[in-house]
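Participant: Just need the whole structure built from these sequences, with the hints factored in.
Residue 107 in the numbering used here sits at position 89 of the first sequence, and the numbers go up by one each step.
In short, the hints are calculated from the structure, not lab data.
Fair warning: there could be bad hints in the mix.
List time: in silico DSS-like cross-link candidates among lysine-lysine, alpha-carbon distance up to 27 Å [said to hold, decoys possible]:
1) Lys105 - Lys94
2) Lys181 - Lys201
3) Lys33 - Lys94
4) Lys38 - Lys74
5) Lys240 - Lys261
6) Lys97 - Lys39
7) Lys57 - Lys38
8) Lys216 - Lys63
9) Lys145 - Lys181
10) Lys63 - Lys117
11) Lys55 - Lys105
12) Lys142 - Lys245
13) Lys146 - Lys105
14) Lys97 - Lys146
15) Lys39 - Lys63
For each label pair, taking beta carbons as the anchor points, the in silico distance ranges come out as [claimed, not checked]:
16) Lys240 - Glu212: 25 to 33 Å
17) Asn235 - Lys39: 22 to 30 Å
18) Leu259 - Lys216: 31 to 39 Å
19) Lys39 - Lys255: 55 to 63 Å
20) Leu224 - Lys39: 21 to 29 Å
21) Asp124 - Thr58: 19 to 27 Å
22) Ala31 - Leu224: 25 to 33 Å
23) Leu259 - Lys38: 48 to 56 Å
Built from N, CA and C at the ideal position, the CB exists for glycine as well.
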Amino acid sequence: MPEGPSILLLKEATKQFVGKKVLTVSGNSKMDLSFIKNKTIIDIKTWGKQYLICFKNVTIRIHLLMFGSYTINTSKEFKPRLHLQFKNGELNFYNCSIKIIEEELDEVYDWNADVMSDLWDSKKAEKKLLSTENTMVCDALLDQNIFSGVGNIIKNEVLFRIKVHPESIVTKLPVKKLREMIKEAVKYSFEFLEWKRKYVLREHWLAHSKKICPRDNISFSKGYLGKTHRRSFYCNKCQVLYK
DNA sequence: ATACATGTTGGAGC
DNA sequence: GGCTCCAACATGTA
Numbered sequence: 019m020p021e022g023p024s025i026l027l028l029k030e031a032t033k034q035f036v037g038k039k040v041l042t043v044s045g046n047s048k049m050d051l052s053f054i055k056n057k058t059i060i061d062i063k064t065w066g067k068q069y070l071i072c073f074k075n076v077t078i079r080i081h082l083l084m085f086g087s088y089t090i091n092t093s094k095e096f097k098p099r100l101h102l103q104f105k106n107g108e109l110n111f112y113n114c115s116i117k118i119i120e121e122e123l124d125e126v127y128d129w130n131a132d133v134m135s136d137l138w139d140s141k142k143a144e145k146k147l148l149s150t151e152n153t154m155v156c157d158a159l160l161d162q163n164i165f166s167g168v169g170n171i172i173k174n175e176v177l178f179r180i181k182v183h184p185e186s187i188v189t190k191l192p193v194k195k196l197r198e199m200i201k202e203a204v205k206y207s208f209e210f211l212e213w214k215r216k217y218v219l220r221e222h223w224l225a226h227s228k229k230i231c232p233r234d235n236i237s238f239s240k241g242y243l244g245k246t247h248r249r250s251f252y253c254n255k256c257q258v259l260y261k
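Facilitator: Below, the structure is given as structure tokens:
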């Protein structure tokens, strides 16, 4: 489930644990995380698709990858990768990737690259995009160093909205189009967030996993494009190829 | 019911 | 070293 907006919802739902002390740590993670027992969560942050549980001097990074899931104050039948027990409540993560971060987060993360952060910097994104060489827009949108939080659904929807073919080369886009792409990546992410919150995300898809272009009423093309080989749905008629 | 997917990482091979 | 491909992880959905 997790593109950036979904992780923001996870953050919202777990803010209740900030200030709480971890009473028990368990799970089937290969990593030894017992050292966070009796530590207090001082903050919960996100960077794109990454969920960050902050303790004094250390952060636990959770990435839900493609099929990760979580439960709050309930549990599933099978064993979680990570279970955190609090005095009132619990937090469980399943099938996720876990990392321990000991560095200062500001050293690890470029907050300006997170499309949903208050610190998002579109000018900086533009600079990064202009410094790419021979890069397709379908790959650029998925580049977490440029658009942290953007995933495949957002990619497909943004390109459809701005009428750009996924195989277009970033540096061949007119500057106006490039800026439109940057702007729309942010705008769509926030719309995604609100639709997801109301469980109506899917019904708002115009391109992703669709068969027919709603603008031209002709078949969408489907391909595993770019270096990332991720599914692209696009209309050869209304989405312009800049090459 | 078989195949595929909202993602990333690390290693092999060139 | 850098690029690309591939397997691996694992579950919900069509």
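Participant: Could you tell me which of the hints above the structure violates, numbers in ascending order?
Facilitator: 13, 14, 17 and 20
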